[in-house]
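> Take these sequences, add in the hints, and give me the full structure.
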Amino acid sequence: MTSAEPQPRVAASVYRRAEDAVGAWLVRTLDTVSTRTFAVHQSALLRIGYGLVFLVGLIREYFNRREIWGDQSAWSPDMARELLGGIGGVSLLLESDSRLWFEGVYLAAIVISALFVLGWHTRAMSILFAIMVVSFNSRSILMTDGGDTVLLLMAIYLAFTACGRVWSLDARRARRTGIRPGTGPGHEVGVLVALLAMVALGTTCRADSWTPDPEFSFAFVCQWIWVPGIAVAFGALWRLPRQVEQVRAGLVTVVHNCALFVIAAEVCFIYGAAGLYKVQGSYWQDGTAMHYVLNLEYFAPWPGLSHRLAENAEMGVLIGYLTVFIQVGFVFMLFAKRVKYAAIVVLIGMHIGIAILLGLPAFSASMSVGDALFLPTAFLIWTRSRVIARLTARLRRRPAAAKPAAAVDPKASAPDPSDGLEGVATASGRA
Amino acid sequence: MQSPDDAAPGQPADRSQPGPQAGTTAVGTSTADAADRAPVPEPDPASARIPAQAGERAPVDTPTETAVPSDERRSTAVRSISALFAILAILVTLVHVFFVFLHVAPSNTLSQDYRKETGTWVYPYFEQNWALFAPNPMSENFRLQAQSRVRNADGTVVESGWSDLTGDDLKHIRGNPYPSKADQNMIRRAWSSYTDAHEAKDETAIGTRGPLTQRYLRRIVVHRFQDAGADRRLESIRIRVATTPVGKPGGKPEPETAYRTLGWWETKPDDFR
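Those protein sequence lines, which keep their order, are chains A and B.
The first sequence begins at -6 in my numbering and counts up by one.
The second sequence begins at 22 in my numbering and counts up by one.
Calculated directly from the structure, the hints in this document are not laboratory data.
Just so it is clear, CB atoms sit at the ideal spot from N, CA and C, and this is done for glycine as well.
Possibly wrong hints are sitting among the right ones.
As the list claims (entries may be wrong) - Covered stretches of chain B (chain A as the covering partner; in silico rule of three or more C-beta atoms under 8 Å from a C-beta of chain A):
hint	region
1	105 to 116
2	197 to 207
Claimed, not checked - Rough simulated footprint, nothing fancy, chain B against chain A, three-plus residues with beta-carbon under 8 Å:
hint	region
3	39 to 48
4	51 to 57
5	69 to 79
6	164 to 172
7	231 to 242
8	324 to 338
Put into structure tokens, the structure is as follows:
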């Protein structure tokens, strides 16, 4: 076998080498996706962005809340239950018809979104945030538009990511105390919040009966995940054997990476599908689409401006074609760096236009936050440091104004009042 | 956005310190940690600037290391189990992306073959439709208008004129940079869900959603009349929808408005707020 027939041995060794190479690649890839957390800053930005979109929406609709989701809604709770029954939808708001429950959930939603933006016990908060977004969407499905759908999808996906590793209260706590995300002493508050999240999840998504539905689906997972979830949350009170810790960390990492891939795919699907549907339309082909869009009364907060723009036929053709090209080509542009950034700039310009001209700021904000996933980390950090530098520079110029500005800062919640100004000042020295 | 404020008094985190740091930044951090009691160090003007190089990290930009550092040595057993989990997660991800793709893409042979499986996976959480202003944007504006019949105490019935409910919404939308869902989506989507569930020529219901969408529309109108001062003597309502084409660019010929008038619908006691 050693030297008898040279020919088959060469063939075998080539095959063997290829096999080894593929095997090594596979092992390396699987190791990487379960140890390296990708796009930490981008996911933190998505957390802040989508949290703010929902929070601002809740505050904006505060005086219309009963008409849209509450007891004065034309879409009564019974009608909502009838519709949701058909598709297996759930909503925490439909647990009770009492006014008190509604107001309580509304307030809770505001608090949860704010804490999610700040990144306080982010994992548990992200689950609660997703529950709230799902609940408000399902309660009044016929009140939603594309922006709500984007927010709903991203809220669910974000619950699978580690979106609080940076730019969050969690990160600040870890820096200060040295207690890292994981299990063992020092995570008691987190465990408590996690248990609360599991109870909320079980309440919202619970099955009608205790017999598990044999049909495996995401809805089925949501119905039962709280059972192991409670066990896992409790288990985090103790320090586990190192190997269990490592497996747990690996699972968290790989789920994060997969969820980010899904978010990226989702953004591409949205643009791709929107583009492919438009390609089929005659108005987008003959360049008159913008004329019709700008003449729709429900999407014209500034009719004078819209009509004037609609009259400009050349501009209409140009913008219409640009929209379709960028949407269809978005997924391909991602593979070329320079083109990608140009596309993102054009898209964000497009979204600003949609926000102002069509009166859809929430939709535009949701889409722009999704685009931000594709921005480079260095750019995000640079922007962050600029923003903070500007803010603190202004603070130091007018020390009297420190109080209101500190309220914007999460540090306002710091127990020691003396570290407020000091922190800001030193921060500016650094940033 | 977070602010970088780990300079506050507290135990300096041993392992959470950022790794390699550029000159000015590292100086800033260590001064801050040491200056527990001391007054704020006067930052020199140069370091008060933004990092000269994009990507230079302040501690606040450094992600938290988890309890298990990413470069920690892992036994073969741990690596194997992790790899199994990774394969499982990747498979679920691919399945999810596949079904969402079938759900989102324009209808095709593949999506028709997997219609049932796609529905099971996608509903209710991942339902989505991205035909935004597509294939063609709407080429007409509609206005939902309604009239009421009120029975007075003496038994006479008074019929009102048409009130333009969409017109009221548009008044709220115009000049508003962030229009409310109640103005922008309520009537618009209620009407489109009604037309999806009803035959245009004789208003018979298609599918199972018919009664539900009709009830929704009726309740919206009753609520609007209530807002305008009607009470429970409101006996029935009637809806008509005025549709005006946007018209081709150039504005000629002058578009004509068409009406679709529905029958009189009696109000139910629980329609009222």
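> Hint by hint, note whether the structure agrees.
Right, here's what the structure says about each hint:
no.: 1; hint: 105 to 116; verdict: holds (count 7)
no.: 2; hint: 197 to 207; verdict: holds (count 10)
no.: 3; hint: 39 to 48; verdict: violated (count 1)
no.: 4; hint: 51 to 57; verdict: holds (count 3)
no.: 5; hint: 69 to 79; verdict: holds (count 6)
no.: 6; hint: 164 to 172; verdict: holds (count 7)
no.: 7; hint: 231 to 242; verdict: holds (count 6)
no.: 8; hint: 324 to 338; verdict: violated (count 0)
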